[in-house]
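Colleague: The chain contents come next:
2 protein chains.
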Amino acid sequence: MKSKSLKNPIFIIIVMSNILCLKGQNFVSVSSPDRAIVLTTLNAENGTFFYNITYKGKSVIEPSILGFSMSKPEIDLNTFEILSVDSSEVDETWKPVWGEVSSIRNHYKELRLFAKDKTGSGIELQITFRVFNEGVGFRYEFPKQSVLNHFIVAEELTQFNLTGDHKTFWIPGDYDSNEYLYHTTRLSEVEALKASNSEPAISVKTPYAANAVQTPLMMKTADGIYINIHEAALVNYPAMNLMIDKRGFILTSHLVPDAVGNKAYLQTPAKTPWRTIIISDKATDILASKMILNLNEPAAIEDVSWIKPQKFVGIWWEMHIGKSTWDKASGKHGATTANTKAYIDFAAKNGFDGVLVEGWNEGWEDWFGNWKEEVFDFVTPYSDYDVEYLSKYAKEKGVKIIMHHETSASVTNYERRMDEAYQFMADHQMNSVKTGYVGKIIPRGEHHDGQWMVNHYVRVAEKAAKYKIMLDAHEPVRPTGLHRTYPNWLACEAARGNEFNAWSAGNPPEHETILPFTRLMGGPMDYTPGIFTIKLNQYDQSKTNQVHTTLCKQLALYVTMYSPLQMAADLIENYEKKPDAFQFIKDVPVDWDDAKYLEAEPGDYLTVARKEKGKDNWFIGAITDENSREVNISLDFLEPGVKYITTIYRDGETADWQTNPESYIIEKKKLTNKSTLKILLAKGGGCAVSIMKE
Amino acid sequence: MKSKSLKNPIFIIIVMSNILCLKGQNFVSVSSPDRAIVLTTLNAENGTFFYNITYKGKSVIEPSILGFSMSKPEIDLNTFEILSVDSSEVDETWKPVWGEVSSIRNHYKELRLFAKDKTGSGIELQITFRVFNEGVGFRYEFPKQSVLNHFIVAEELTQFNLTGDHKTFWIPGDYDSNEYLYHTTRLSEVEALKASNSEPAISVKTPYAANAVQTPLMMKTADGIYINIHEAALVNYPAMNLMIDKRGFILTSHLVPDAVGNKAYLQTPAKTPWRTIIISDKATDILASKMILNLNEPAAIEDVSWIKPQKFVGIWWEMHIGKSTWDKASGKHGATTANTKAYIDFAAKNGFDGVLVEGWNEGWEDWFGNWKEEVFDFVTPYSDYDVEYLSKYAKEKGVKIIMHHETSASVTNYERRMDEAYQFMADHQMNSVKTGYVGKIIPRGEHHDGQWMVNHYVRVAEKAAKYKIMLDAHEPVRPTGLHRTYPNWLACEAARGNEFNAWSAGNPPEHETILPFTRLMGGPMDYTPGIFTIKLNQYDQSKTNQVHTTLCKQLALYVTMYSPLQMAADLIENYEKKPDAFQFIKDVPVDWDDAKYLEAEPGDYLTVARKEKGKDNWFIGAITDENSREVNISLDFLEPGVKYITTIYRDGETADWQTNPESYIIEKKKLTNKSTLKILLAKGGGCAVSIMKE
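Protein sequences appear in the order of chains Y and Z. The number in the working numbering is simply the position in the first sequence, starting from 1, with 53 added. The number in the working numbering is simply the position in the second sequence, starting from 1, with 53 added.
Next up, chain Y with everything else stripped away, as it sits in the complex (with noise of 0.2 Å):
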């Protein structure tokens, strides 16, 4: 693999010099293209460096500071001599392999500061700011340099001045766990530790202050402002944190330590993830923003040909609700060449790409909270699990098996047997792999966030790329745009997904309106949508557990929780119950030509309508909270003139995701661009709609 040259760039570079803002000696400002959103950087007096943002002339970063403090060599990087400034300006435009749009425009104006330490040091970085239209990008670079080479990252001294005590949906700051339900609190209210206390069902978890959010953060402001801080392009480095100030409102890096306590090993030339500020008084901004990807790289892989979004059902969700289990010994092993050959039956009959079998390999007996080094060698089936016969069955079909690689989190065990394991799946036919972390790290004393991990899922996705293998990874370190420089990488979990709500307290209505603002910023989630038997004491009466929303949220999920890779994910025996809203989850694509929110509010409501890729088919998917909700949709983005036959798949009279989750009307309308939809949402509710040229 190596970088792909730009084919179709719309590419400008324009020395801007004069476009900058020069008050006084110390000041720099740059300005999104819009003008919208201002940067400006101060290097005072005593060496301190500050950056703030406006946007719309309302202040929305406060002077804020930016530095390091190294333990090798042992020094404090917060205080600079500006030794010249550079500026550019790019208009690009780019064709992502799969995504929500088939065509990403990346402009922004760039601010290059050369600094050097005051302290004497004589090492040299470099900050880079990019400012969009959307929100401002930073990171630090330090060039290769006789007196800095390796170094030991300390800390991370970015600072992220808020100007009040905004709105914020947050997750507890932990080194290892992002399954957390967010919680809707002022910054001050943040109790994180008493947040992660209070989530039993997560069996991992390091939570290790009580001021401490993950990102992203969402954040709200009294006027109505969003914003949104993140981090793009994390590679070779920790995840970072923010720990809150709660009387000054700043919030400052907090990065996930590694073994004996250092963040990051680095060597010069090396540069930091950028860190994201994302803005705008639109919510449906927020989700629309391209910038995490345009600051990522570009694809690394020369051939994508191989690449494809998918579609996919398979053996999971039966052990989630304890219809059957991963291992064997229990006698009621799920991963049965008999059960398999129904799933692939199903998915070559209903148009799925693919079948995920977990539980196929033998190791489950003893797989979890032990600490355990070797578990699973990812090539040895069960006795009831014929895969040869099975890879063959599959091929005649025209379906693909999906690989399952639960490492048990014992990453040295998985990284020692990764060929063994890619190669196996090249010998049977399968191209994709659905990866799990799930337990204490070995090495052991490594977090899933810290810089070691980061190195290893961007390892796997490069490995599996040689193999031509497509990756899901499961409890990883959250996205941040990188499968955009991967796009063999599709999809990540990396958040509380919907199998929470099978064994937990679960997922409540609101937790799908908050998603798309904090772990989709990063990157599509496997999320698992389309559970139609929404109430588990269906099963067995004994259980009280039930997922939080009506059937057709699940439905409209597929269009709101954006991924290349959606599973539909109950039970075949559901699907067939249900054939006509079945049809939905078959009919959706899970790739785009073009995305439009119409409406959104975190925690609240999210309203999208999307084009499917290469085709002039449109679906919208329309979901609310806790409460109901009319959505008014006008459907002036279609073909004028053109005639649409609309299917509408939506709550029903009595619909409730307490009371009467499964009721459902399913109506066809004919409609063109000038039609508007009135649909009501129940309480945890939502529509899915389709949209095709007559």
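These are computed hints drawn from the structure, not numbers from a lab. Just so it is clear, the structure is predicted and the values come from calculations on it, not from any experiment. Please note that the accuracy of each hint is not assured.
Given that identical chains are not distinguished, each listed pair holds provided it fits within a single copy or across any two copies.
Below, a list of computed lysine-lysine pairs in the BS3-like style, where the Cα atoms sit at most 27 Å apart [as the list claims (entries may be wrong)]: (1) 746 with 148; (2) 425 with 516; (3) 596 with 630; (4) 220 with 649; (5) 696 with 519; (6) 639 with 731; (7) 425 with 169; (8) 668 with 696; (9) 666 with 723; (10) 721 with 666.
Starting from the known structure of chain Y, arrange chain Z on it as the hints suggest.
Modeller: Below, chain Z alone, put in the same frame as chain Y:
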């Protein structure tokens, strides 16, 4: 690979409950087959379990406690109820693939105590003692049981309660290095931290306590009893150091911790390594003991036909003396095609099996000191090293190139690449690899001697065997007899080798008289003897370094330092200057039928005669410390009535390791088994003798 069944056993198991000496119900005793050693266990009223050992009626180990501290489950396992006792006797003979002797008798009486935790946890364990004529081995075994599955060892509480303030040959307790000078003091005088601090030449060391020492620990009592404490079959467990109670003369086990401070992760059924105590009133018996080998498992490799002891030369010493470098950027790269070709020619001409080439691969410009993970890839030669040509050339000449895999202690990196690296070797006709672990271990926080690394070394031996590759590990944990189980694991460094003489204070003349009693108790060492140009000022007048022996002592080391892998470490030109002395290195074999330890005193001298494997040739090595010494060797071990041509390589009349180290005399005599050799060893000197049937 699987366990090899015994093919040539004289195997007797005798149930011998009648030989148990039961004094009341709490004492159990068992004696060695020759009755010189008596082991007695005592289960005290309060549950404390003791063992003690006498030798020829004298106490050697006073009552010493056994036990464990576990962190999961959190319990101190140090009071027991003895449920039952089993005993047996084994007397078998087995043939090593290679070794000091062609046949080894394994004769011991075993005592197995079935114990139950007295605190009520229900945990059961077995304590197994094997009493040989040469000493005692014991281990803990945790059978599979419902109350104990996975567990974590916080510390092992094994004591060796000594009878006095013995003279001790020790190196400091350390988690990462065993390349220390030996100190000879009373137990009460051990100052481990001070000793460690005085060793600037050891680049990565982790001493941790003033009273900690490593094993093999050699001691001598005031009344002339030699005691050696070590371990056998170190697998899936950390190395054991010993903490000295300087008043009570009690040694207590201290296991090397992992990155988070735990000692070992075990799962029932589990067993610890054997703790070994070798005892004799003759120092030579300590050296001749095969007890540690006998306590290891038989060969795990079915086909051993490809495993061959080897003599080799190589591109190595020239880097240590500064003539060339491992890296290419210096402009004096050692591993060039031309230089390697010269060594291949020299090896072929002089009957050497292999040529070691260090510095052949890219990465040496930035390989050490920065905890860098991605250093070497093990498959990319420097541009001036033509691996394809040299592979073919070596094959034509009937010589094997020995691969060098310096991992820079980045073991995660090595493990990811091992398969590719060994395949590269196979593709280039190489079947031996010298590994290296110089640096701080990655996974960061792990140690060279911890459980994770112990498992790594074994994984390397196992994977190498799959590729029919022989192994020589440098900077690993010190050996514990595993070369019986993995006969492709020919040798280790794991102690202070000859190269320290090139660039540090070096190894004093006594060093090689101590190593056989310490480091070599666990297995062969790649000590790299054979240096002929003793004083390095011959290369560069500013150098004061020298090898701290005479030339003849360098020859003697091929016999006194048993190893199936012996390097002739000096430069071609140095051997070509002294072809008469070099003849001994050409003649001396590396595999043997028999060994006669004729005289020895740790720290002072050692004389041993060895019979060449499958031939009637004998070789004698005799060495002394800083004192000159007359050696009287009776040749009564020779075949009666046969005339032997004897070549004696002895120190010149004025030879002295400091003032005249390269002076030597070579004499040829015809001798018989009635002859006696009387040879003067110079200060720091030695002699080597070859005895070949006329």
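Colleague: Each of the hints needs a verdict: does it hold here or not?
Modeller: Hint check:
Taking CA atoms no more than 27 Å apart as the test, residue 746 paired with residue 148 passes inside one copy only; the shortest distance there is 25 Å, against 83 Å between copies. Both within a single protomer and between protomers do residue 425 and residue 516 lie at most 27 Å apart by alpha-carbon distance, with minima of 24 Å and 21 Å respectively. Within a single copy, residue 596 and residue 630 get their C-alpha atoms as close as 21 Å, which meets the 27 Å cut-off; across copies the closest is 88 Å, which misses it. In this homomeric assembly, residue 220 and residue 649 come within 27 Å of each other (Cα to Cα) only inside a single copy, at 26 Å, whereas the closest approach across copies is 84 Å.
Taking the shortest alpha-carbon separations for residue 696 and residue 519, neither the intra-copy value of 46 Å nor the inter-copy value of 68 Å comes in at or below 27 Å. When the C-alpha separation of residue 639 and residue 731 is checked against a cutoff of 27 Å, the pair qualifies only within one copy, where the shortest distance is 24 Å, while the shortest distance between copies is 96 Å. With identical chains, the CA atoms of residue 425 and residue 169 are at most 27 Å apart between copies only, with a shortest distance of 25 Å across copies and 47 Å within one. For the identical chains of this complex, residue 668 and residue 696 are intra-copy neighbours only, at 15 Å inside a copy versus 98 Å across copies, given an alpha-carbon limit of 27 Å.
With identical chains, the CA atoms of residue 666 and residue 723 are at most 27 Å apart within one copy only, with a shortest distance of 22 Å there and 95 Å across copies. For the identical chains of this complex, residue 721 and residue 666 are intra-copy neighbours only, at 23 Å inside a copy versus 92 Å across copies, given an alpha-carbon limit of 27 Å.
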